[in-house]
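Novice: Spelled out, the chains give:
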Amino acid sequence: MAQQSGGDKVTRYIVIAMVTLVVAVGVIFSLVGNKSSGSAQLPLNASKSDGYGIVFNSELSGVPVVDIWEDFQCPVCAQFEGLNGTYIDSIIKEKKAKVIYHPLSFIGPESVRAANASACAADEGKYLDYHRFLYTNQPAENSGKWTNAYLVVGGVAAGISSSKFEACVNDSKYDSWVNNIAADGAQKNINSTPTVFVNGKEIDRKTQYFDAAAFTAAIEKG
Amino acid sequence: MKKYLPWVGLLARLVLGGVLLLAGYLKAFSPDKSQMAVRAYEILPISVANFLGIILPWLEIGAGLLLLVGLGIRYASIFGSVLMLIFVIAISQAWARGLSIDCGCFGGGGKVAPGETKYLSEILRDLGLAALGIYLIRYPKTRFALEK
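Protein sequence lines, in the order shown, are assigned to chains A and B.
Following the numbering used here, the numbering of the first sequence begins with 1 at its first residue and continues without gaps.
Following the numbering used here, the numbering of the second sequence begins with 1001 at its first residue and continues without gaps.
In isolation and in its complexed conformation, chain A is listed as follows (with noise of 0.2 Å):
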């Protein structure tokens, strides 16, 4: 009997120690994983003081800073860019507004790949329209169409014909600046997508967001 409790005994230390190891090991792995990496490459025009966001129009002051946090998997971001997409293009062309890209990856490994895609896009000079590709082939969320190769084809559709596209997505050259940009969204506390800053303070949801003229008005004002 009393060897027999002796054995329960070991046991239960040894499920104990199973248990607490996997929570330790869980907690720290997700916590190191989550950290902002200072040795990321970063892509063409993405700047770290500007949360490592692909930034158009950098050079210009005295215009209104618009900052869109986004998920590419978002039905409701790409509802977002049917309605104001070309609004936006125009003022990065037309320089009216400086115009900060913060693409976030919270809904699953597509959004991880596809943000990664638009980075590489990004060093081709090729960021918008990628975008745009990306959100007129937007499957359902962590539908598994979004392969890398499904989005090196995407490629073509805008417009690159480099080769180091190719090998930059599927080399996911820069999964570990999207981890970046998720870490900086978590710190300025972006909660839903997309979400839009105008000089530093978020526009009104309930009514800026999806009226064009009241989304317009809201960037026009600064």
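Zero decoy hints are in this set.
Straight-line C-alpha distance at most 20 Å; calculated PhoX-like pairs for lysine-lysine:
id	chain 1	residue 1	chain 2	residue 2
1	B	Lys1111	A	Lys188
2	A	Lys221	A	Lys201
3	A	Lys93	A	Lys221
4	B	Lys1111	A	Lys206
5	B	Lys1148	A	Lys9
6	A	Lys9	B	Lys1141
7	A	Lys96	A	Lys221
8	B	Lys1003	B	Lys1148
9	A	Lys201	B	Lys1111
10	A	Lys35	A	Lys173
Keep in mind that the hints were calculated from the coordinates and are not lab data.
None of the values given here were measured: they were computed from a predicted structure.
Use these hints to put chain B onto chain A, whose structure you have.
Specialist: This is chain B only, laid out in the frame that chain A set:
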């Protein structure tokens, strides 16, 4: 009557432990979302919310495993029921302040459209789970537990 208590306890352990394990598992591998869910309650400083978003799923997994195998039942139950009561308070204040968020209990979380909140059912569910935990704190002797 007394001899059924250990069976009721077993059921309570399996339900509370199973829910904790599942809830933790569904969140543990998407820390960005989990952090977002905690931040969306708008109670804690952002850095604390982000830290909690990462560690909470793993603590739930740990407590869930202990309840399922029946070890440290009392401690795991105290953790589980206190956690559920904190969730009830957090969800209630979000409701009272008119926030539109998903509780993020089983993954998901963050802001949702105002018509899509499910505060009442979330609160009732968590109260039920808290009750199971409290039962186990009172009667930690259950069937098929690793502990004596």
